[in-house]
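The chain contents come next:
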Amino acid sequence: MPKDIEAQGGIGASTKRREDIRFLTGNGRYTDDINLRGQAYVHFLRSDMAHGRINGLDTAAADAMPGVIRIFTAKDFEGVGGLPCGWQVTDRHGQPMQEPKHPVLAEGKVRHVGDPIAAVVAETPDAARDAAEAIVFDIDELPAVIDMKAALAEGATKVHDDLSSNLCYDWGFVEENREAVNEAFTKAAHVTRLDLVNNRLVANPMEPRVAVGDYDAWNDQSTLYTTSQNPHVIRLLMGAFVLGIPEHKLRVVAPDVGGGFGSKIFHYAEEAFCTFAARQLKRPVKWTSSRAEAFLSDAHGRDHVTTIELALDADHKFAAIRTETRANMGAYLSTFAPSVPTWLHGVLMAGNYTTPLIYVNVKAVFTNTIPVDAYRGAGRPEATFQLERVIDKAARELGVDPVELRRKNFIKPEQFPYQTPVAVVYDTGNYHATMDKLLEISDHAGFAARAETSKANGKLRGFGIAHYIEACGIAPSNLVGQLGARAGLYESATVRVNATGSISVYTGSHSHGQGHETTFAQVVAEMIGIDAGQVEIHHGDTSNTPMGMGTYGSRSLAVGGSAIVKATNKIIDKAKKIAAHLLEASEADIELKDGKFAVAGTDKSVDWAGVTLAAYVPHNYPLESLEPGLEETAFYDPSNFTYPSGGYGCEVEVDPETGKVEILAFSAADDFGNIVNPMIVDGQVQGGLAQGIGQALLENCTYDENGQLLSASYMDYAMPRADDLPSFRVDHSCVTPCTHNPLGVKGCGEAGAIGSPPAVVNAVIDALQRGGYTHVTHIDMPLTPARVWAAMQK
Amino acid sequence: MTRLSMKVNGRTVSAEAEGRTLLSAFLRQGLGLTGTHVGCDTGQCGACVVHVDGKPVKSCNVLAMDTADAEVTTIEGMANADGSLSVLQQAFQDHHGLQCGFCTPGMVMSAAALLEENPTPSEAEIRHYLEGNICRCTGYHNIVKAVMAASGQDVSQLGVAAE
Amino acid sequence: MYAFDFVKPSSIDDAVKALSAEGAQPIAGGQTLIPTLKARLNAPETLVSLTGIAELKGVCRDGDVLVIGAGTSHAAVARDAAAEFPGLAALALQIGDPAVRNRGTLGGSIANNDPAACYPAAVLATGATVVTDRREIAADDFFQGMFTTALEEGEIVTSVRFPIPEVSAYAKFAQPASRFALTGVFVAKFAEGVRVAVTGASEDGVFRWTEAEEALVRSFAPEALADLRVPDGGMINDLHGTPAYRAHLVGVMTRRAVKAAS
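Chains as they are written, first to last, in our numbering: chain A, 1 to 794; chain B, 1 to 163; chain C, 1 to 262.
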């Protein structure tokens, strides 16, 4: 009889999310909802200039303001560490990157608008802010270094006086291929070149960051409540590198977190400050970011300027790829910043194609801007955008169908596992299948007729394709260690079976919208054969979860889920031993099916709760050979990345009078391997698409030449709204399961944001070309009405 | 500080407030109703939407004193009397119309106001009405689906129908 | 926000009295003022709320004129002016979003005179009369450049008298982030002539495009504007559009407004 997966809530069921009940009734518990007795509030005085030398700070008047408890400056942080960087990149010449100190409060210089200069702790948020305004500071403004090219020029003002230049590193990959790649270009039948900008973005989770530091002096115990995607990482970085608090004296809690998209991975100054100040003042200290402050203090994303060249042979096979990128690091190195333009970017440059020779050069640059780090996709969107744009441009130059050009160069299904020339080995994939599926769901065949309708209405219609690959399920620890990571990237789980058979799972992953409380329960329920309602998922508190690396890089199910599977398998193994004892049978004969342990070939069985009760009430139990209890912990370290891929299609109409682009349809055909909860996967893709479309059409983080942030609120930073977007066509029926994790899953969180920007831009260029604007071969994102209109003018 | 009272979710309540206290702060800090969220400073994001005298407003853009004695409904007042989810709330769960949950209270309050004004809105009408509520997680697809479903409309063809 | 006292009078007289105090400022719907206060860009000692004054609210017809109380919300105008003056109701429906329209008011909008606000275009294009607690001001005299009006200290707008045009329409091209007008054009055709007012585009705030008015008097059709273009000079240059783009949009939006009105 076919299993009713919906009713059981196991793997493959679109189980409704249990966490929704609290969110829909106003009962979520976000960090700003936490208010501790005796709590004080901090306001950060932030630099309003991009670059300046601090000559002096006078806090006397501010100190005397009503409600002020204490004002902190860099002096108070002597002996305290800087915010550490978690990844050290080695440059083309084998030298380590330049790594400046990132103090909690600015020391000697301010280096970006928003750099915290001083922190006022007071009885109320308003009192803290009032006093911050009364701080008198003497800062000499220095020339701001904003443009990356200018930052690298000889004699440029240095962001960090103690570094030799503004160059963080000059990275070449694969350095040994450099000459071979250059040679391939000299022999190419055709070379397509494209200069492009991957626009700077602000992650903008709807919940601004919050930190509440607490200190229990009697037990010398610090607690930080924070809006984090990875509380254990924060505990390690802040405890070991900044404040010198050992792990057993430091608890980090990330409760309900209102979105992250990368920006809540990193360890921020405000977290360290609140923890530090709470210890100093022996009372809780709270910081709640305003949106204005978020724009000035959350790490930004992307900001690459790239030249990509594609060499093709006479048969239109890709012969080589050469790219040169300047990547903006901002004023300091955020936690994982150096890895984004390198190991999350260069290794993806093969895309879905058999290009044999690839060379990627990246210069990472310090500027007087807010630090830049991972944002949904992190490096992979930048790689995909270049590649899928240059292929489209090549197809147009050669007069061939962009779909056919891609197909001709796709890695074929029989070629897997496929060793790319940029280090990684793709385990599985079927790009022809996802491309076919895309053309089907987007009704590509009907496009020509629809284009005629648009023309009759005075609009220009275009269709754009992109096909992406990403490396996620991050990541094998030994590999990333060689690449410069200063952390392992395993994941952990503790499965605690309770006496009556219910299960509490403690995961090192962190859910901030992904629905782990539902999907992880589905996995455990399926493995044991019990109702998912019997399984509860706990996350986000270092005091009760095993050391875990958190949630980002589409890793939670592939890595965190695998740890849960591993721990659950240990549980099942032990439970079988108990069942064998209870049934007086050999362990080898015990089968677990639908929540029952049975002796193979007999009608003897014991149910799940019978076994779990025996584990905790071990009256009839093999105590001589087996410990009582039923609780197991597992750590899972992946042996490879996972490689989701897919074909994305965008159909647009351009209003030739205004340049406004309307997205009429967007289709996504992804291969995520196996799927646990299709409803949640659809939601992840739809959300990713909105962010990718936002990057392509709306969002742009812009500085003026003095380093003032021009797009510093939602009045100027265009967030995608409901009426900017269409409903989406999302399909994940193409499945090539991952070969190296137990669930065969690949991860789906970032795909939408990776594959969509080039599809949108390709569609707009297609519309303009079809409309007779043949001089328009590229427009830099975001394709705002003003930019599209300007490009159309000769 | 003055004692300010109003009727919130059907109960007359009061708490201390200053002239500058925003309605959102009064609800969150004064009354402990933390379901109403604050996601921006400029009145764009809509996470703070509540109903004042039956109409949706952005509570972070209203002075609490200006709503003295008004009838205010927040997300905490939207479930059925027995505590079960309302039709609209249930539709959000059924159709996965939320992920991180932060924009959700405002989104539900705005959607409820829409359905009050227009019981069977089209997809375009829903998208237009919700322009003042920003969601960063869902891409809006499933929010639109939830609102349509809550109004009793067929949602199976959303995004599929040819233009 | 800095601390301030809050008073909420129930009559115009009381409001004017309260506003005569040092450091007192009026607050209507607050949809622009409150964000400004949050950013600490404004520090009133007393805020005088105008939301409790019944006589400031309502829409009523007086012959060929639609009189709208300054305290009437955008939502109420969208609803209550729809039958008498559909062009104005349609404009009100394009301001902000539903929640903003329930708080924001006509008086607040024109007193602030944001160069990208929608209402000033309708007031100027209809040649409306702005009525205050002490006088009547013609629209042509009221708007005096970005965030500047003819209002004196402590003077409050009580109503606006809109002559009802034969036909009218507002065409708005929204700035992608704020959704204020990147360029918005209100066209109003009366028996005695045509008036065209443009918002969002100029560094001087709302302005009349007299060349277009003259052309439309000759022929009230989009084609009549084919050869007309406002000069780029004086157009706003910002993240969202160059002067050339805005000047171009003035033409496009005017043609669209005429098409929608005819």
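It cannot be assumed that every hint is accurate.
[As the list claims (entries may be wrong)] Among chain C residues calculated to face chain A with C-beta under 10 Å, some are: (1) Asp97; (2) Val217; (3) Phe220; (4) Arg246.
None of these hints come from the bench; they were simulated from the model.
All values reported here derive from a predicted model rather than from experimental measurement.
Note that CB positions come from ideal geometry on N, CA and C, so glycine has one too.
Consistency of the hints with the structure:
Evaluation of the aspartate 97/C hint against chain A yields a held restraint, the C-beta minimum of about 9 Å falling below 10 Å. For valine 217/C, the interface hint is violated, since its Cβ never comes within 10 Å of a Cβ in chain A; the closest pair sits about 24 Å apart. Given the 10 Å rule on beta carbons, the hint for phenylalanine 220/C is violated: about 20 Å separates it from the nearest Cβ of chain A. Taken as an interface hint, arginine 246/C checks out: its beta carbon lies about 9 Å from the nearest beta carbon of chain A, inside 10 Å.
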